[in-house]
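Chains as they are written, first to last, in my numbering: chain A, 1 to 391; chain B, 392 to 782.
Honestly, the hints are just simulated from the structure, not real lab data.
Bear in mind that the values here come from a model prediction, so they are computed numbers and not experimental data.
Listed next, the stretches of chain A that the computed footprint assigns to chain B, with coverage defined by at least 3 CB atoms under 8 angstroms from CB atoms of chain B:
#1 135–146
#2 263–272
#3 354–362
We put the CB at the ideal spot given by N, CA and C, even for glycine.
Protein chains: 2
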Amino acid sequence: MELAGVETPVGVVDLARARKNVERAIAYCRAHGMAWRPHVKTHKSLEMARLQLELGATGLTVATAHEAEVMSAVTGDLLLAHPPASAAKVDRLCALPRSVDLKVGLDSIAVLRPLARSAAEAGRTFGILVEFDAGLGRTGVVDPAAAVRVAEEAASLPGVRFDGLMFYPGHIRIRRSRQAGRLARLSERIAAFVAELGRAGLPPRVVSGGSTPTLWDSHLLPGVTEVRSGTCIYNDRDIVGMGAAAPEDVAYTVLATVISNSVPGTAVVDAGSKALSKETLGSGAPGYGVLFDRPQVTVKAINEEHGILDLSGTAWRPAVGDQVRLVPNHVCVSVNLHDHLWGIEGADSAARPVWLEGRGRLRVPGAEDVRVAERFHARAPCAARRSTSKW
Amino acid sequence: MELAGVETPVGVVDLARARKNVERAIAYCRAHGMAWRPHVKTHKSLEMARLQLELGATGLTVATAHEAEVMSAVTGDLLLAHPPASAAKVDRLCALPRSVDLKVGLDSIAVLRPLARSAAEAGRTFGILVEFDAGLGRTGVVDPAAAVRVAEEAASLPGVRFDGLMFYPGHIRIRRSRQAGRLARLSERIAAFVAELGRAGLPPRVVSGGSTPTLWDSHLLPGVTEVRSGTCIYNDRDIVGMGAAAPEDVAYTVLATVISNSVPGTAVVDAGSKALSKETLGSGAPGYGVLFDRPQVTVKAINEEHGILDLSGTAWRPAVGDQVRLVPNHVCVSVNLHDHLWGIEGADSAARPVWLEGRGRLRVPGAEDVRVAERFHARAPCAARRSTSKW
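Bound conformation, chain A alone (with noise of 0.2 angstroms):
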């Protein structure tokens, strides 16, 4: 399948610059004695979870539990890094397959109780790794003594394990050069929870951080045992615009193609907020995305269908039909806006589908559901083949 057939609009994904990505995440983390458990929200697919784990990925991050049922297919070592808060959610937890070791991250004894209770009734045991705030100001618990609260509580029920620490650090969005203060305030508070649980007598053997944008400062953070970076496998314009990546190490655009150009200054392409998303940047940059091989052209306006091209910095005239690639803000939020993507070896190979086993939130009991799924999702390539160009 050649992209100049294929329908747009459509994730393609470099396969080739994904590779390096995941080499370079894991020859860090190895450099500095940290495992790295990439989150699969990023790419949503099994192949790309194989690859991350045959290349060194200790184990993955989820979610939800639809990520952790797909995935329970590759690896035995999950990581639930979100509160279960509902039964529904916690059955499904209990009814992944027994090769699970399902570690969950969580921040109150609210939601450790019903989880413990649960899954010792279904004979299993959950590792709980105790999120605390680094301060971003989203979920974790805020000060060390509600650490060891809810630690103490891990420690002493059935059904659950202590296994640790969890953090997000969420609130570092800038460029390297610039993160020293946050990353020395950062550090000081890791080692003020894992001291207060070591008094405890509960010394954490897991300490899980680490985002994309602070990725390779992880090693600066003292104790960090695993890295749950997940973006890093593709890149994206605010990744590289903060420094955390180079434009050559985006693998993930979207294909569209000009549907029009009557409007003077611009030209308009069928990805839209339900392609890219409507996303805007943190550092306040305009646009949705920019232009693959010219960043100069941002998507300065978008609708569900629709993104307008801002062409008052090229002389640069796309003609009606032509396709374009554009680097969404956010890789991760585009991903998740499609049926499957398109996998390339380089910017003329051939292109295979990459499925995306990990979109939506629907209940995958068994092999046979995901044959269905498969069936379902195998019509695009064959819709794809079978249209002629006659341009």
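Based on these hints, arrange chain B on the given structure of chain A.
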């Protein structure tokens, strides 16, 4: 199925409110002698499309080939309001059931000619609506002379039939009381295009316009024969904020569960940008959504699977495990993020699935594929039914 037992996050439709919204739109259009051709991008659902047609919609508007394929099961009167600028898309349109009289909105001869050639080869005729730019600066010819050139080409080519004009007033998004100037300018613009086509001997039989923000003012625009507004079936925070719907007209919410309240002054729910989307409001109002029954509580920050509620304006303090219902900023992109919705007749009614057959972009050549898709989607309610409350 009780909502209390379903897994979150998931979209919920108040079916009684949706029906009222549809009845109101049809009553308004009929009172002013206009047809209603709702855009299905909002609901993506065969059930909601059937409701609109049963209550008086004359046909449907679609944006993608997939939506056209799916909606051809319930009507033969479709308008594709998006220029099909690739062979892959044109092939799918030509393969639609013969029962479909497809109208296509476009703004260039570059899109028109290959479409006409393929249609003629397939032995069918597509109606053509020439789109003009109403002021948004997106798609559409900018001057009447250009509209005449495309219309004359459409009138002269086999495989197509010139039907009239199309416009999208997406630039008018303010309260009705302040729209007078913009509406007057738009009226003049419509009249200019209609007059120029009349002088060319091609008077438009159809003038298709309308958006939900301008829905109730459509009768002030001279010559408009049909209105395409789609969002009005559900409405959202943006539509209510601009005064085009009342809070009691909001028929769609996202059901979420409180997963953490560790950080003082906030509560965190499991609905993030992969359930609500991360669209900001054009009005500049902060946040990514509001609580359905406590609109003073906003979703002040959002990540992929986390929404942070700002509790600074309320004494209400939810417990971990509590369910809440959120009104998204933009309903269309939120619906598109879910595998299916749950439909309720009122706050306390049992819930049943509302399928979203129009989601995604995969080709649906035949009934067999639809059955496969339904088998896949049909897992959800079964899964939900299996969970038993332990709380």
